[in-house]
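Trainee: Work out the full structure, taking the sequences as your base and the hints as a guide.
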Amino acid sequence: EADIYQTPRYLVIGTGKKITLECSQTMGHDKMYWYQQDPGMELHLIHYSYGVNSTEKGDLSSESTVSRIRTEHFPLTLESARPSHTSQYLCASTQGGGYTFGSGTRLTVV
Amino acid sequence: RKEVEQDPGPFNVPEGATVAFNCTYSNSASQSFFWYRQDCRKEPKLLMSVYSSGNEDGRFTAQLNRASQYISLLIRDSKLSDSATYLCVVLHPGSARQLTFGSGTQLTVLP
Numbered sequence: 001e002a003d004i005y006q007t008p009r010y011l012v013i014g015t016g017k018k019i020t021l022e023c024s025q026t027m028g029h030d031k032m033y034w035y036q037q038d039p040g041m042e043l044h045l046i047h048y049s050y051g052v053n054s055t056e057k058g059d060l061s062s063e064s065t066v067s068r069i070r071t072e073h074f075p076l077t078l079e080s081a082r083p084s085h086t087s088q089y090l091c092a093s094t095q096g097g098g099y100t101f102g103s104g105t106r107l108t109v110v
Numbered sequence: 001r002k003e004v005e006q007d008p009g010p011f012n013v014p015e016g017a018t019v020a021f022n023c024t025y026s027n028s029a030s031q032s033f034f035w036y037r038q039d040c041r042k043e044p045k046l047l048m049s050v051y052s053s054g055n056e057d058g059r060f061t062a063q064l065n066r067a068s069q070y071i072s073l074l075i076r077d078s079k080l081s082d083s084a085t086y087l088c089v090v091l092h093p094g095s096a097r098q099l100t101f102g103s104g105t106q107l108t109v110l111p
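Quick mapping for you: the protein sequence lines, in order, are chains G and B.
Our numbering puts the first residue of the first sequence at 1, with every later residue one more than the last.
Our numbering puts the first residue of the second sequence at 1, with every later residue one more than the last.
If you're looking for bench data, these hints aren't it; they were derived computationally from the structure.
Fair warning: there could be bad hints in the mix.
To be verified - Quick list of the computed label-pair ranges, beta carbon to beta carbon: (1) B:Gly58 <-> G:Gly96: 22 to 30 Å; (2) G:Pro8 <-> B:Gln69: 37 to 45 Å; (3) G:Arg9 <-> B:Asp57: 28 to 36 Å; (4) B:Tyr70 <-> G:Lys17: 45 to 53 Å; (5) B:Asn27 <-> G:Thr20: 33 to 41 Å; (6) B:Asp7 <-> G:Lys17: 37 to 45 Å; (7) B:Ala67 <-> G:Ser61: 30 to 38 Å.
For glycine and all other residues, C-beta sits at the position ideal for the given N, C-alpha and C.
Mentor: Structure follows, in structure tokens:
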């Protein structure tokens, strides 16, 4: 049973739309992360948070933004989706040590 | 140079074979080490942690060589269900991003 949830699982959306990818965890973890991964390619860190009101950009330049108003919730927002944003987005959390990943959101921008 | 380097493969092995994956890391201050498994179009899942003394979990054996900054994963008697990408993951507490993922080694076990 998953302790970290991502919604939606799949999303197809038109160019220029604003979207928010949801990520919630029930483990009380302080540290949360967003990764972007194209099929067959490596994970790229795009955002991370060490706790409430703490957010940082990762290694991969991203036009997305994140917020961390509550410990359990770490949503990612794209203000204006583009076809180049088509990818899988994975959320993860940890209290230190190994990560637990959500099932991901597969985003397609048409 | 990447912080964590893995042979990308693919490794295509017959069922029942023994296969070994290697991984090197560049930061000598790295503290903890993991192997993750990722199935196609799925999220990565923790396979096992890697301890200094080496550790075994069923058919899987992980080893760490701190002097050479080298980690390995050995899979014995490979099964079709072992087909996946295996990610080497390193934790160094000095990094704000905490965990660094290798790019993965793809394994296909053939019948």
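Trainee: Please list, smallest to largest, the hint numbers that this structure does not respect.
Mentor: Going through the list in order, the structure violates no hint and respects every one.
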